[in-house]
Amino acid sequence: MKRRSFIKSIAAVSAVVATVTPAVLMAEEAKKAVPKGPNALSVEAAIDAITGGKGAKESDKVKLTVPEIAENGAVVPVKVNVDYPMEEGNYVKAIHVLAAKNGNSRCVDVMLTPANGKAYFATRIKLGSTQEVIGVAELSDGTFIKAAKSVKVTIGGCG
Amino acid sequence: MAEARKSMIKIKPKKYKAGDIVKVDFIVIHPMDTGLKKDKKTGKVKPAHYIDSITFSFDGKPFTTMKVWETVSTNPYFSVNFKVPGKGKITVDYTDNTGEKNSKSKKLKPKG
Numbered sequence: 001m002k003r004r005s006f007i008k009s010i011a012a013v014s015a016v017v018a019t020v021t022p023a024v025l026m027a028e029e030a031k032k033a034v035p036k037g038p039n040a041l042s043v044e045a046a047i048d049a050i051t052g053g054k055g056a057k058e059s060d061k062v063k064l065t066v067p068e069i070a071e072n073g074a075v076v077p078v079k080v081n082v083d084y085p086m087e088e089g090n091y092v093k094a095i096h097v098l099a100a101k102n103g104n105s106r107c108v109d110v111m112l113t114p115a116n117g118k119a120y121f122a123t124r125i126k127l128g129s130t131q132e133v134i135g136v137a138e139l140s141d142g143t144f145i146k147a148a149k150s151v152k153v154t155i156g157g158c159g
Numbered sequence: 001m002a003e004a005r006k007s008m009i010k011i012k013p014k015k016y017k018a019g020d021i022v023k024v025d026f027i028v029i030h031p032m033d034t035g036l037k038k039d040k041k042t043g044k045v046k047p048a049h050y051i052d053s054i055t056f057s058f059d060g061k062p063f064t065t066m067k068v069w070e071t072v073s074t075n076p077y078f079s080v081n082f083k084v085p086g087k088g089k090i091t092v093d094y095t096d097n098t099g100e101k102n103s104k105s106k107k108l109k110p111k112g
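So the sequences go chain by chain: E and L.
Quick note: the first sequence uses the UniProt record's numbering, first residue 1, plus one each step.
Quick note: the second sequence uses the UniProt record's numbering, first residue 1, plus one each step.
Hints are computed from structural coordinates only; laboratory data are not their basis.
Each hint should be verified, as a subset may be incorrect.
Capping the alpha-carbon separation at 27 Å, the derived lysine-lysine pairs in DSSO-like fashion look like this [as the list claims (entries may be wrong)]:
1. L:LYS46 to L:LYS111
2. L:LYS15 to L:LYS67
3. E:LYS118 to L:LYS111
4. L:LYS44 to L:LYS111
5. E:LYS149 to L:LYS44
6. E:LYS152 to L:LYS61
7. E:LYS101 to L:LYS106
8. E:LYS61 to L:LYS67
9. L:LYS67 to E:LYS63
10. L:LYS37 to E:LYS63
11. L:LYS101 to E:LYS101
12. E:LYS79 to L:LYS44
13. E:LYS118 to L:LYS44
14. L:LYS111 to L:LYS87
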C-alpha cells in the first residue's frame, strides 16, 4: 500500500513539473528577449495610442522600404513613402514608425503638413531581434493605414 | 550642459527651383542611449539619453515636427520632403530627454 501511494505521488509530481516548466521557461525567455526600458510599450498598446483604439487598415498605399536581412541591428534603414496627395485639407497628417518586438515599440512619430509636398520619411532604427517593422500613416480624414515588413536581424542592436 | 553637438542639414538635389520638392536630411552626433546598455569601463548601466523632439521650420514657420524615442539609432538621421516656396532659411531645432537643446540652420537658394 505504501509503495503504491508513493509511486502515485511521484507520478503526480512529475506531471505537474512537466506542465509547469515549459511555461515558466518561456516566460523567462520572453523577459530575456525584451529587456524593459524606461519607455517600454508593446506594439498593440502603441497602435492603440496612435489610432485612439480605431486600429489601422493594411494598405498598399503605404510603401515601407526596409532591408530583408539586417546584419547589424543597431542601424537599420527605414523609408516610408505614402502614395497620397499633399494638398490643403487632403493630406497625410502623420507617419509613425514602429518595431513590433522592441521593448519600446515606438520609434518616431512624424507630423507632416501640406508644405512637405510629398509624404516621405526616412531614418535609421535599432532592432533587438528579428521582427516586423510597421509604418502607420494617419490621413487628414481621420483614417489610418499601415504596412508591415519583417526584418531578419543577425546581431541585435538593443540592450 | 554639453557643448553644441555636431549636426548637419543637407538639401538634395543640390540644384533646385522654387516649387520643386527637395529632400531635407538632418544628421546629428548623439549617443541615443536606451537606458539598457552597460558601460564597458564602469560596469554600470548608462542612463537613457535620447533626442526627444525635433522641429523642422522654414523662416520660423514649422512644417514638420517629430516625436522621437530611444529606438532610433545612434547618430540619428532624419529625412523629410519639402516643397521649396522660394528663398528662405530652414532651421532644425531639437531637444533631448535631459533638456539639452540645439538648433541648426541652412539657407535655401533656389535658382530660376
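Hints versus structure:
As the CA atoms of L:LYS46 and L:LYS111 are separated by approximately 48 Å, the hinted pair breaks the 27 Å bound. For the hint linking L:LYS15 to L:LYS67, the alpha-carbon distance of about 30 Å lies beyond 27 Å, and the restraint is violated. For the suggested pair E:LYS118 and L:LYS111, the alpha carbons sit about 21 Å apart, so the restraint of at most 27 Å is met. For the suggested pair L:LYS44 and L:LYS111, the alpha carbons sit about 54 Å apart, so the restraint of at most 27 Å is broken.
Proposed proximity of E:LYS149 and L:LYS44 is contradicted: the alpha carbons are some 35 Å apart, above 27 Å. For a cut-off of 27 Å, the pair hint linking E:LYS152 to L:LYS61 is broken: about 40 Å separates their Cα positions. In summary, the hint linking E:LYS101 to L:LYS106 is not supported, as the alpha carbons are separated by about 37 Å, beyond the 27 Å threshold. Proximity of E:LYS61 to L:LYS67 is assessed by CA-CA distance (about 23 Å); at most 27 Å being required, the pair is judged to hold.
The straight-line distance between the Cα atoms of L:LYS67 and E:LYS63 is roughly 21 Å, inside the 27 Å bound, and the hint therefore holds. At roughly 33 Å between alpha-carbon atoms, L:LYS37 and E:LYS63 are farther apart than 27 Å, so this suggested pair is violated. Restraint check for L:LYS101 and E:LYS101: not satisfied, since their Cα atoms lie roughly 30 Å apart, outside the 27 Å limit. A hinted pair counts as satisfied when its Cα atoms are at most 27 Å apart, and E:LYS79 with L:LYS44 does not qualify at roughly 35 Å.
The straight-line distance between the Cα atoms of E:LYS118 and L:LYS44 is roughly 44 Å, outside the 27 Å bound, and the hint therefore fails. A C-alpha spacing of about 9 Å is found between L:LYS111 and L:LYS87, which places the hinted pair at or below 27 Å, so the restraint holds.
Of the numbered hints given earlier, the model fails hints 1, 2, 4, 5, 6, 7, 10, 11, 12, 13; all others are met.
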